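Participant: What follows is the residue order along each chain.
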Amino acid sequence: MLRILPNGSLWIIFSFFLGIVLSLLPLPVWADWFRPEWLLLVVLYWALALPHRISIGAGWVLGLLLDAMNGTLLGEHALAMAVSVYLIVVLHRRVRLFPVWQQAVVIFGLTLLYQLIIFAVQGVIGEDPHTWLYWAPSFTSMLMWPWIFTILRDWRRRYQVT
Amino acid sequence: MFKSSFLGLRLTVLILCSVVLMAFDHKQAQFKQLRSALLTVVSPLQIAMDWPVQWVTWVRANVSSQQSLIEENADLRAESLYLRARLQRILTLQDENKNLRALLQSASPIGEYFSVAKLLAVSIEPYLAQVVLDKGKQHKVYMGQPVLDAKGVMGQVVHVGALTSRVMLITDVHSAIPVQIARTGMRGIIVGNGPRNELQLIDVPDTSDIQDGDLLLTSGLGLRYPPGYPVGTISTVSNPVGDSFMMIKVKPTAQLNKSRQVLLVWRKSKATFREAENSLKQLTQQRQHS
Chain E
1 MLRILPNGSL WIIFSFFLGI VLSLLPLPVW ADWFRPEWLL LVVLYWALAL PHRISIGAGW
61 VLGLLLDAMN GTLLGEHALA MAVSVYLIVV LHRRVRLFPV WQQAVVIFGL TLLYQLIIFA
121 VQGVIGEDPH TWLYWAPSFT SMLMWPWIFT ILRDWRRRYQ VT
Chain A
1001 MFKSSFLGLR LTVLILCSVV LMAFDHKQAQ FKQLRSALLT VVSPLQIAMD WPVQWVTWVR
1061 ANVSSQQSLI EENADLRAES LYLRARLQRI LTLQDENKNL RALLQSASPI GEYFSVAKLL
1121 AVSIEPYLAQ VVLDKGKQHK VYMGQPVLDA KGVMGQVVHV GALTSRVMLI TDVHSAIPVQ
1181 IARTGMRGII VGNGPRNELQ LIDVPDTSDI QDGDLLLTSG LGLRYPPGYP VGTISTVSNP
1241 VGDSFMMIKV KPTAQLNKSR QVLLVWRKSK ATFREAENSL KQLTQQRQHS
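Top line first, the protein sequences correspond to chains E and A. At position 117 of the first sequence (counting the first as 1) the number is 117 in our numbering, and the numbers step up by one without a gap. To convert, take the position in the second sequence, counting from 1, and add 1000; that gives our numbering.
Just chain E, same shape as in the assembly:
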């Protein structure tokens, strides 16, 4: 039935959907600052595992969607997403061989870069966040990576997403 979408595309789309839902999920105000960059993590996983399918183009479009939902400048999240995904695609052979905790460190760096780009753009238009808490998602994203990695790898193997 699902032959139209080859090799488990549906699962990739579903994971993106989950990432979007998690980033929209309402949280108490204090917890909002610590929300991991769910969608970025999911995109980075697929770019790491299947760089020939999910690459900077997909990242850019999903980033644009984030912009639309957040009301930020159009292209802001898209730019940050494309740059982070670019780096993971370039490094994917090396990063794949790393143990998971070492991958988490790489993810930390990429999330930090992602946040830095958004911070810079917000600064240019004069809306920069005034608190150090802004950088917390880099740490929480790093902590979430092993779980995301394990779950999505499991999906990829079970549903033969190639």
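Hints listed in this document are in silico derivations from the structure and should not be mistaken for laboratory results. Hints may contain errors.
Said to hold, decoys possible - For each label pair, taking beta carbons as the anchor points, the in silico distance ranges come out as: (1) E:Leu91 to A:Val1053: 36 to 46 Å; (2) E:Leu133 to A:Gln1067: 19 to 29 Å; (3) E:Leu113 to A:Thr1233: 34 to 44 Å.
Since the model is a prediction, treat every value here as computed from it, not as a measurement. Glycine included, each C-beta is placed from N, C-alpha and C at the ideal position.
Chain E is already provided as a structure; the job is to place chain A on it using the hints.
Facilitator: Then chain A, alone, in the frame of chain E:
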């Protein structure tokens, strides 16, 4: 090897695309239509995200005991009675005001009407002073529409989708409201100070009569917010040395991060409003020419 040789090229193109998009989005007003279209695309998702929260509220309302419901009902009845009593007084005052204005031969103020909207329980980046409402173009929400809550001015609509709309709160750095101090009638402008739940009254000379606790009302001068609604109370006043303006912090009266229900405001007579807007435009043009 797959198309990795083009990867750098593709990235460059996408970066250029993003930069151009951002620049246009920041400067061009026409882009607002694209924003509205995009908001319409994501609005089903936003509405869907709100369901669980609604469901929890519904369940909570259903399992709450009869006793507490009876108590709540009694409280609401008492409040309604109290508000009605005050309304009677306001009605006579309004009449009196109209007559006095007729005597003075000045135009009567433009009325407004309201509609209740709900904040959608969707999260946006915590550093943005914005909220999402469950009403959109379908419900005749328009760009720049003022939004109030029970205690004061909340902000204005900045993007209108078909089913949802986005409101810029008064604490946003891009927000400015012309106000009047209720006690003295002095006019000023309140600007947002970022999402720290704090406002600033700017460009007030050192010698002005301003005290802690003064209430600030909208003056209606910008023709965006209706006149006479509370915006904030003055929390701290200080005189920085060597500066000819005072540093005045204002606490918003609206419960910016607590309200779930808000009021959307429409003007009653659009003709009068448009007239006022046109004459204001002419005035500014004349000033630019001279």
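Participant: Now look at each hint and say whether the structure bears it out.
Facilitator: Verification of the hints:
1. Our hint of 36 to 46 Å for Leu91 (chain E) and Val1053 (chain A) holds, since their Cβ atoms are close to 40 Å apart.
2. Checking the proposed 19 to 29 Å range against Leu133 (chain E) and Gln1067 (chain A) shows it is violated: the Cβ atoms sit about 42 Å from each other.
3. Between Leu113 (chain E) and Thr1233 (chain A) the beta carbons are some 43 Å apart, a value that agrees with the proposed interval 34 to 44 Å.
Hint check: a violation occurs at hint 2 only; the rest are consistent with the structure.
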